[in-house]
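Novice: Chains as they are written, first to last, in this note's numbering: chain A, 3 to 911; chain B, 19 to 123.
The set of hints was computed from the structure by calculation and includes no laboratory data. Note that this is a predicted model, so its numbers are computed, not measured.
Label pairs and their calculated CB-CB ranges: (1) 91(B) - 334(A): 26 to 34 angstroms; (2) 534(A) - 92(B): 42 to 50 angstroms; (3) 92(B) - 334(A): 32 to 40 angstroms; (4) 91(B) - 591(A): 46 to 54 angstroms.
Okay, the calculated bits of chain B under chain A, using three or more residues with CB under 8 angstroms as the criterion: (5) 51-58; (6) 76-82; (7) 88-98.
If we take Cβ atoms under 8 angstroms as the criterion, some of the chain B residues that face chain A in the derived model are: (8) 39; (9) 42; (10) 43; (11) 45; (12) 46; (13) 101; (14) 104.
Even for Gly, the Cβ is constructed at its ideal location relative to N, Cα and C.
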Amino acid sequence: MHPGARGPQSEMEIVNVLVLVSLAYVALLFVVAFAADRAALKGHARWLHSPLIYTLSLSIYCTAWTFYGAVGFAARSGLEFVTIYLGPTLVMIGWWWTLRKMVRVGRSQRITSIADLVSSRFGKSNALAVCVTLLAVIGTTPYIALQLQSVTLSYAAFAEASRPDGGQINEVTTSLWVAAGLAIFTILFGTRNLDANERHHGLVMAIALEAVVKLFALLAVGVFVVWGLGGGVNGTLARIDASALADFEVPGSRWVGLTLLSAAAFICLPRMFQVMVVENEHEGHLRTASWAFPAYLMLMSLFVVPIAAIGLDLLPAGANPDMFVLTLPLMAGQEGLAILSFLGGFSSATSMVIVAAIALSTMVSNHVVMPVWLWLTDDSAVMSGDVRQVALRARRLSIAVILFLGYLYFRLSGGGAALAAIGLISFVGVAQFLPALVGGLFWRGAIRRGALAGLGIGFAIWAYCLCLPSFGPSAILPQTVLENGAFGLTALRPQALFGVSSLDPVVHAFMWSVSFNTLVFIVVSLVSFPQPAERLQGAQFVNVFAHSTPTSRGWSAGMAQSEDLLIMTQRIMGAREAQALFSAAARDQGLIGNLPETTPDFLARLERALAGSVGAATAHAMISQIVGRAVVSVQDLMAVADETAQIMEYSNRLEAKTEEQERTARQLRQVNEKLTQISVQKDAFLSQISHELRTPMTSIRAFSDILREGGLSETELQKYATIIYDEAIRLTRLLDDLLDLSVLENAQIVLNLQHGRLDDVLDRAIAAAGVSNGGFTVKRDRASEQIDLYTDLDRLSQVFINVISNARKYCDVRDPHLRIDVVSDPEGELVVDFTDNGPGIPADKQATIFEKFARVSETKAGGAGLGLAICREIMTRLGGAIAYVPVTSGASFRVSIPPGEPVSVRAAQ
Amino acid sequence: MSTERAPLFVDRRAYYRRRMADAARLMPVLGIGLFMFPLFWIAPGTGVTEGAAAAQSPVRTVTVMVYLFLVWIGLAVASGVISRRLHPEPEAKEPLAPGGAGAAE
Numbered sequence: 003m004h005p006g007a008r009g010p011q012s013e014m015e016i017v018n019v020l021v022l023v024s025l026a027y028v029a030l031l032f033v034v035a036f037a038a039d040r041a042a043l044k045g046h047a048r049w050l051h052s053p054l055i056y057t058l059s060l061s062i063y064c065t066a067w068t069f070y071g072a073v074g075f076a077a078r079s080g081l082e083f084v085t086i087y088l089g090p091t092l093v094m095i096g097w098w099w100t101l102r103k104m105v106r107v108g109r110s111q112r113i114t115s116i117a118d119l120v121s122s123r124f125g126k127s128n129a130l131a132v133c134v135t136l137l138a139v140i141g142t143t144p145y146i147a148l149q150l151q152s153v154t155l156s157y158a159a160f161a162e163a164s165r166p167d168g169g170q171i172n173e174v175t176t177s178l179w180v181a182a183g184l185a186i187f188t189i190l191f192g193t194r195n196l197d198a199n200e201r202h203h204g205l206v207m208a209i210a211l212e213a214v215v216k217l218f219a220l221l222a223v224g225v226f227v228v229w230g231l232g233g234g235v236n237g238t239l240a241r242i243d244a245s246a247l248a249d250f251e252v253p254g255s256r257w258v259g260l261t262l263l264s265a266a267a268f269i270c271l272p273r274m275f276q277v278m279v280v281e282n283e284h285e286g287h288l289r290t291a292s293w294a295f296p297a298y299l300m301l302m303s304l305f306v307v308p309i310a311a312i313g314l315d316l317l318p319a320g321a322n323p324d325m326f327v328l329t330l331p332l333m334a335g336q337e338g339l340a341i342l343s344f345l346g347g348f349s350s351a352t353s354m355v356i357v358a359a360i361a362l363s364t365m366v367s368n369h370v371v372m373p374v375w376l377w378l379t380d381d382s383a384v385m386s387g388d389v390r391q392v393a394l395r396a397r398r399l400s401i402a403v404i405l406f407l408g409y410l411y412f413r414l415s416g417g418g419a420a421l422a423a424i425g426l427i428s429f430v431g432v433a434q435f436l437p438a439l440v441g442g443l444f445w446r447g448a449i450r451r452g453a454l455a456g457l458g459i460g461f462a463i464w465a466y467c468l469c470l471p472s473f474g475p476s477a478i479l480p481q482t483v484l485e486n487g488a489f490g491l492t493a494l495r496p497q498a499l500f501g502v503s504s505l506d507p508v509v510h511a512f513m514w515s516v517s518f519n520t521l522v523f524i525v526v527s528l529v530s531f532p533q534p535a536e537r538l539q540g541a542q543f544v545n546v547f548a549h550s551t552p553t554s555r556g557w558s559a560g561m562a563q564s565e566d567l568l569i570m571t572q573r574i575m576g577a578r579e580a581q582a583l584f585s586a587a588a589r590d591q592g593l594i595g596n597l598p599e600t601t602p603d604f605l606a607r608l609e610r611a612l613a614g615s616v617g618a619a620t621a622h623a624m625i626s627q628i629v630g631r632a633v634v635s636v637q638d639l640m641a642v643a644d645e646t647a648q649i650m651e652y653s654n655r656l657e658a659k660t661e662e663q664e665r666t667a668r669q670l671r672q673v674n675e676k677l678t679q680i681s682v683q684k685d686a687f688l689s690q691i692s693h694e695l696r697t698p699m700t701s702i703r704a705f706s707d708i709l710r711e712g713g714l715s716e717t718e719l720q721k722y723a724t725i726i727y728d729e730a731i732r733l734t735r736l737l738d739d740l741l742d743l744s745v746l747e748n749a750q751i752v753l754n755l756q757h758g759r760l761d762d763v764l765d766r767a768i769a770a771a772g773v774s775n776g777g778f779t780v781k782r783d784r785a786s787e788q789i790d791l792y793t794d795l796d797r798l799s800q801v802f803i804n805v806i807s808n809a810r811k812y813c814d815v816r817d818p819h820l821r822i823d824v825v826s827d828p829e830g831e832l833v834v835d836f837t838d839n840g841p842g843i844p845a846d847k848q849a850t851i852f853e854k855f856a857r858v859s860e861t862k863a864g865g866a867g868l869g870l871a872i873c874r875e876i877m878t879r880l881g882g883a884i885a886y887v888p889v890t891s892g893a894s895f896r897v898s899i900p901p902g903e904p905v906s907v908r909a910a911q
Numbered sequence: 019m020s021t022e023r024a025p026l027f028v029d030r031r032a033y034y035r036r037r038m039a040d041a042a043r044l045m046p047v048l049g050i051g052l053f054m055f056p057l058f059w060i061a062p063g064t065g066v067t068e069g070a071a072a073a074q075s076p077v078r079t080v081t082v083m084v085y086l087f088l089v090w091i092g093l094a095v096a097s098g099v100i101s102r103r104l105h106p107e108p109e110a111k112e113p114l115a116p117g118g119a120g121a122a123e
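Pulled out of the complex, with its shape left as it was, chain A reads as follows:
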């Protein structure tokens, strides 16, 4: 390119020197980062916390794309490049509106990333966090590829300059080495303390240094170009006037559109959010940044147009304008300056990649990996020590994966112009966060569903109108779709949506995607109702200045037990780290031992330490629980409420179940008692039966034995045979009765219903009972007995016979008599009372006389004691009753006969 006078040997040296200088520079960055981390750890080095460092760290906005690309941009379309810097300038000087609020919210809510901010605002919605994370990864990966490309290209530019015959620089190897080196640096300093919420002092320091290097490099190149090549200010201005860039002919839509776009991207880019909000040490730093950062941007763009114009003028027509910053000094033989320029571009690329990788890895590990891991391990590991290791590994792995993705994208896209366009495309992608972000900060009515829907549609339009067409015609979107729109609808042409064809594609996509995003976001928010967590978070965010103080809120000294805190911390951070932290704090407080006082300072420090492992909100909630202060996040409250609700529901169900079981147990007990009774009754019944059967059997056997031996007189023979006969009769009767009772009890009797009269039945019964002889009188009132009956007359008379013969048997007074009274009550029920003048039934026997084998006295064993039991069964079958009525003298049995047909008859018919 510039055929120098030197030999090829010295030309070769430039490349080697370049490699050496790069390595030395990287080593310097490591040293600076390491020293800053050490200094921060020791607690001194106030300058680390200065607003100047903060301002310089914001300069990661100026990536290699702006370092090299701005000149290329200016060479192609003049002053238009400056819009990329005007947007951020407007945001910074308007810090009082937006940034102040964002930073305040970020500090008071302990936000770790832009995804965290959006999800926190909308009720800690993880779906939203995952969406934002994915979008951020999709939007940022090409950007990382762009940085790799610029480093590779700049390196190649050197190689080309030193070997005009064609460089042997292997782009693949170079970019791979750069990606790997960046991954190592980022993992070393970005995941050093694992705490996403704490400042990465070393890293920020390194970035600040890089900010100085790139500004200095660009200014140096600018000064050299203007005064060394352009012939002073006037000469340079004259050259610009003479160049192709002389006229200011920027389309208005692009001027306005790109300014707004860069302003939106400045707020929404994950890496900007990282340095602006997450790494913010003090809200007051914004005060300085509000003027210092616009000044920085102004200086960065000051020499862009002169370099472009002079590059166009001096360099051959085919030269890549993106490399003017490098090739102009090389052409002029200023190798030192060129190397400085290379370092500037290298700084821009590395600082961007590092911060972007950290921001993305935080998002990926916090919102994707950790939830999945916790879900897989079934929540049981939340309290165990491995959380720290897992979080650390997740973050490191994410960094490596993100950088590898960037490398892959670079390799697959093949670099070149397609990549250069990616910068603005990526801006439009992340600008989709803007409605949800700004809406969430300023409008309490903003709702999760609205944010999700808006993001979704904005993302879709961005992909359709800008991202997919950017891969070139027919790469992903078919050519026909590009020309005629999807489904052949011209209104859906990707680059002229709804017929808007006059706009530049980027501005076109930006306008449509953000407009639809905002519209959908607002409309869906208006028509839906937020969850409680969303409403509370909304109030906290929108009214953040009423709810918080400018400095980070501290812990008031509470009841916290150092020991409890230590136990909890050990579980999360691991025993050694926790003890080191606690004893260090104790030493700082001038105490011996490793249990510090729970001062607000110490609690704030501890919370920050824990936040890195378990997330800020959780850490705060955990300490709140132990300290006993009521600042617990809404989500915790909701979780507690959910848990309580579940427990209550469970206990309700348990109670219901218990009641049911108790009821069942009661029933079982009753059934059991009944069964036991029945079993006892059965046993008693069996023993009584065998007793009743044995008595006659014994006499029959004894007398038949005597008969068999022979040698008996006729009278004796007669006598014994009679006894045997009588006993056999008794036995038969007993068996008959038993059979009768069994039939009655099993309801197997067939009632023989007849019409008849009561006096006839009584006559028959008295005759059958055989009471007419033997001085036993029956007193009757025949007039009252003229009553018609319709019932089983035989059974009824059986009852009467039994009752009458009982009276005769037990009535052992001198003049026994039985009185039969018949009373017919108005309802037709017939009551027949049999009252004798005997001794009556003793009170203790009255309850059991109707039971089987119940006899009033053993001595008067006439029957087996089944008579009354049979009577009762018969009366029950007939629908009536028999009862013992205690009277003043004698015994009285009352037989009630129902009117009309007996119940069982009706049933039988």
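Mind docking chain B on chain A? Use the hints.
Specialist: What follows is chain B alone, placed relative to chain A:
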């Protein structure tokens, strides 16, 4: 919060501070106006134009550049002055109207 009513008038120091906050809020509006201003130089009458119309009245890039950088420096200086005057100390007294508008003046 609502029980203690904010005073209707505040002392001179707080008054100035609030005017500075107003100025800080107006800064981006001013910035947008000034940054967009060069567009009005292109082809008077047609406003935002492209292509052929621009050729009729060429605006020199150098002019716009010098203008822009002067505005830029001016905005940075103004922003610096305003933020320096917005002292953080009295901030605790401020928060009555969180949205910013409608506070006691």
